[in-house]
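A.B. asks: Okay, here's what each chain looks like letter by letter:
Protein chains: 2
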Amino acid sequence: MAIEPHLVNPKFSLLFRETFDFNDEEYNLLLSHFEIKYLKKKEYYAKAGIICREKAYVNRGCLRSFIIDEQGHEKILSFHFEDWWVGDFDSYYSGKTATSFFQALEDCELFEISKENFTKLEKEISKLGQWYTYKMTRRALANARQIEEMKTLSLEERYTGLLKKNPQLFQRVPLQYIASYLNVEPQSLSRLRKRLVDNE
Amino acid sequence: MAIEPHLVNPKFSLLFRETFDFNDEEYNLLLSHFEIKYLKKKEYYAKAGIICREKAYVNRGCLRSFIIDEQGHEKILSFHFEDWWVGDFDSYYSGKTATSFFQALEDCELFEISKENFTKLEKEISKLGQWYTYKMTRRALANARQIEEMKTLSLEERYTGLLKKNPQLFQRVPLQYIASYLNVEPQSLSRLRKRLVDNE
Chain A
1 MAIEPHLVNP KFSLLFRETF DFNDEEYNLL LSHFEIKYLK KKEYYAKAGI ICREKAYVNR
61 GCLRSFIIDE QGHEKILSFH FEDWWVGDFD SYYSGKTATS FFQALEDCEL FEISKENFTK
121 LEKEISKLGQ WYTYKMTRRA LANARQIEEM KTLSLEERYT GLLKKNPQLF QRVPLQYIAS
181 YLNVEPQSLS RLRKRLVDNE
Chain B
1 MAIEPHLVNP KFSLLFRETF DFNDEEYNLL LSHFEIKYLK KKEYYAKAGI ICREKAYVNR
61 GCLRSFIIDE QGHEKILSFH FEDWWVGDFD SYYSGKTATS FFQALEDCEL FEISKENFTK
121 LEKEISKLGQ WYTYKMTRRA LANARQIEEM KTLSLEERYT GLLKKNPQLF QRVPLQYIAS
181 YLNVEPQSLS RLRKRLVDNE
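Just so you know, the sequences run in chain order A and B.
If you read the first sequence in the numbering used here, its first letter stands for residue 1, the second for the next number, and so on.
If you read the second sequence in the numbering used here, its first letter stands for residue 1, the second for the next number, and so on.
Hints listed in this document are in silico derivations from the structure and should not be mistaken for laboratory results.
Just so we're clear, the structure is a prediction, and the values are computed from it rather than from any experiment.
Every clue listed holds true.
It does not matter which identical chain is used: a pair holds within one copy or between any two.
Calculated cross-link-like contacts (lysine-lysine; reagent style BS3-like; alpha-carbon spacing at most 25 Å): (1) 37 - 96; (2) 37 - 11; (3) 55 - 165; (4) 55 - 151; (5) 96 - 135; (6) 47 - 151; (7) 115 - 55; (8) 75 - 151; (9) 165 - 96; (10) 115 - 127; (11) 96 - 164; (12) 96 - 120; (13) 135 - 115; (14) 151 - 42; (15) 11 - 120; (16) 96 - 151; (17) 120 - 135.
If we strip away everything but chain A, and leave its shape as in the complex, we get (with noise of 0.2 Å):
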């Protein structure tokens, strides 16, 4: 199904027409080796096990990613919101098999795109490898500060951190999994909410 123009979100358009200096041209054949995938709310988009082959804007909806560990509890490792690109990229780029499943909090529309299209792309519009530049760049660095944070936030802090991060997280997101996201239990996330609340 072709995506017509005026559903994308407004920052998708801004990345690759302003940042990147997409013309028309340029823009409609991206646009149109993307499309368009609605996820049901607990619909998986991916799994591991699997290899990605694919990569998928979040135009509208929230998923989380997570991966099960050896004793099978589900970690929780990131909340992907709109203008958040989702995949096992470590899967895309090696072509190994994927340890990462992605699932629909909400009811989400993505534009996804194939390994094999973003890269006959690339070779037809160069303009397209700022997409690592820009992107992989942000994730490295946003990665980095998440592993600062680990090694050396109280789990207040962390919390604090993700809410001013994400002001819609408690709106759209069940408890448990921001609780799984910061690796303590819910009564405890519950307990430390409560208690900031009563400090106000």
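Following the hints, put chain B in place on chain A, whose structure we already have.
C.D. replies: Below, chain B without anything else, positioned relative to chain A:
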């Protein structure tokens, strides 16, 4: 001081000449924009609180990077052996002051390039843009893997994984730094190592 090509780590020339397909002229132009920096063991390459305007290739030696948490404790982020790049990349890209320290664990030979020179070279040699595709994608993935490991692996698994990735680690890095990287007390790491040796 100019860099003599025969002193350059073969991985450096491999990356630019083979992977990125630089010709002689481009490679020599690139090299001419780097400067050699020597560090004595324990000397700092960079410190928190300063804006990072350079990045450097580790041609010889080994450094540690760390941050200091609010309680004043050092937390090791990474060890940087030959063929790594060092610098506080968050500061480098954002222009904000750096949060990390980089200290030589051995006498080091670094090839440093300023952001100004790198940006200028990117315009002169468009192939240099591949650096981001290559290095930043790898870094983003390595960081993502580290987050996964911090969330799912036991101390023993993280320790054996680290050894497998860096067999020379214990020859080159003091035990207390490896313990700090793994976020445990040096005594706990010593006990773990003893137990693993006894079980062999």
